[in-house]
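This is what each chain is made of:
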Amino acid sequence: MTASDFQLPIWFDLGATFAFAMTGALAAIKRGYDVVGLFFLALASGIGGGLLRDALFIRASSTALLTNPAYIYVVLAGVVAAMALGSHVHRFRRVIALIDALGLGAYACFGVQKSLHAGLAAPAAVLVGVINAAGGGLVRDLLTGEEPLVFRPGQFYVLAALLGAVTFVFLVVQLQLPGTMAALLATTLTFLVRVLTVSFNWRTAPIAPTDALPPAP
Amino acid sequence: MTASDFQLPIWFDLGATFAFAMTGALAAIKRGYDVVGLFFLALASGIGGGLLRDALFIRASSTALLTNPAYIYVVLAGVVAAMALGSHVHRFRRVIALIDALGLGAYACFGVQKSLHAGLAAPAAVLVGVINAAGGGLVRDLLTGEEPLVFRPGQFYVLAALLGAVTFVFLVVQLQLPGTMAALLATTLTFLVRVLTVSFNWRTAPIAPTDALPPAP
Amino acid sequence: MTASDFQLPIWFDLGATFAFAMTGALAAIKRGYDVVGLFFLALASGIGGGLLRDALFIRASSTALLTNPAYIYVVLAGVVAAMALGSHVHRFRRVIALIDALGLGAYACFGVQKSLHAGLAAPAAVLVGVINAAGGGLVRDLLTGEEPLVFRPGQFYVLAALLGAVTFVFLVVQLQLPGTMAALLATTLTFLVRVLTVSFNWRTAPIAPTDALPPAP
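Chains as they are written, first to last, in our numbering: chain P, 1 to 217; chain F, 1001 to 1217; chain A, 2001 to 2217.
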């Protein structure tokens, strides 16, 4: 069995879309958007990573987002879940980071698998998986003017996605595990790393800080 | 007659390009850009929505922007119009919002029509139409660091584009009106809704505001 | 010989990627990012312009970034060079602007040449070249929240790229110079204009500044 002989179930993609749509909707609630702005921020967050993957890197001739209505329903479900949760949330940043963590690993695995299918080599597939995973949150943070989680100094965010993508490739290509099991393991690992990072505020060191310039606040 | 049996005249696309190019040029004047920055902000604003439509969603194999020189002339015309207007403008934000409103409906209809032509279902076509319409303004606001009009809490912006797109689909698919007439009606409706919104400062309510967090200023 | 009968050596593209990756890495060091954020900012800066060119404008069916591993190695080399340089740099903005200038002309020529190859007319090819050249820096500045160099009022940035692209087209199409020589001349010219601009702080005048609004700070 080669790495591209399998298809991940679509609910990996849908699950990640749901999680990121929910973080987008929560970010919109936090900023006091109305229902339309909320829906479109949820949409951009939910499918942003997949759009970057399909349009910039894989160059798919069509995007499932538009041909498969399930994606819109899933975004709507994420909106509803966020609105139900919204009034009970007092620490938005932490809750958003945790839900974000759920989608991060799933998108990393799905991005890797789609890239392998498209004929990319494993290192390139890992890169696309990481961009797929980090893309939705990046779009969300850019649109709302937050400093992107992706680049926030010292947080294991992209590193967690990278770990998930590499683990998935290793389990599927080297150990020849079935794709779904490998993706579940890699997604769980990514989630745990993110939860521990957020809980214990694990931080990496900035690179070569200059004396002249303090680290960005 | 099916919804995709017709072509909207290209001046719907060109007209929207002109309007958004002009808003981009005005935003550049407001911020004190020089003539080159002004041209490129006008270009990004004018064709941003169409580029998002063609590159991310419809995946057209080529983009009219580059094969049809009319788009560049129209952007240049928008720049000239903005420079003629610029020194007489004292309330940039309102004037930009009104000219923006002219392009909003035209782009919504054109985006819907191009999507129907590309074989998308009506709901997906409406979504692409809205993104087409809102995309240019979003790009303009992101590039200049303004909070995007798209998401500004409580303004009927995306909602107006959505109304225009849905009206256009309804008139063309259900009532079987000729495409151009349907687009004119839908564009006018969108413009009126925006003008009324800006004039009377109609506002929608934010979703589930938390006590802990005031709405974004 | 027609304008599209030649191929520029790939090291024009790779050289520009290296230069922009290095500016991205330096910007990341300046802001105190960790090693992963640094790599991804370098990646986005290095290949951002090429991705915009291939995905939005030329619609290439695949992107060399993923099929040719040389691009990743070059980004990594840019990261290493930036880290070696980083602790000795005290005036980041100026150093970044100079390295940026090296990539600017090379990307302008390469973008023009790829566009001519893809069958675009000369004016459209010049436009794509300029966007190719300015795109990486634009992506870098947007991601780090700096006001984009592209639009910074009064700096000859896009104008320098435009000069390089037009010079390249003129040398190749009118004077029928060999492509590589034309590109070297055009890149050198672009670099010199940028160096002089930064050194002497040459500034253009803002367009029609209004009394009511001071130029953006």
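These are calculated hints, taken from the structure and not from any lab test.
Each hint should be verified, as a subset may be incorrect.
Quick partial rundown of chain F residues pointing at chain A, CB under 10 Å, derived from the structure [unchecked claim]:
#1 A1028
#2 D1034
#3 F1039
#4 L1052
#5 D1054
#6 L1175
#7 L1177
#8 P1178
#9 F1200
For the chain F half of the interface with chain P, some residues (derived, Cβ under 8 Å), not all of them [unchecked claim]:
#10 G1015
#11 A1122
#12 P1148
Quick reminder that beta carbons are idealized off the backbone N, C-alpha and C, glycines included.
Hints breached by this structure
6, 7, 8, 9, 10 and 11
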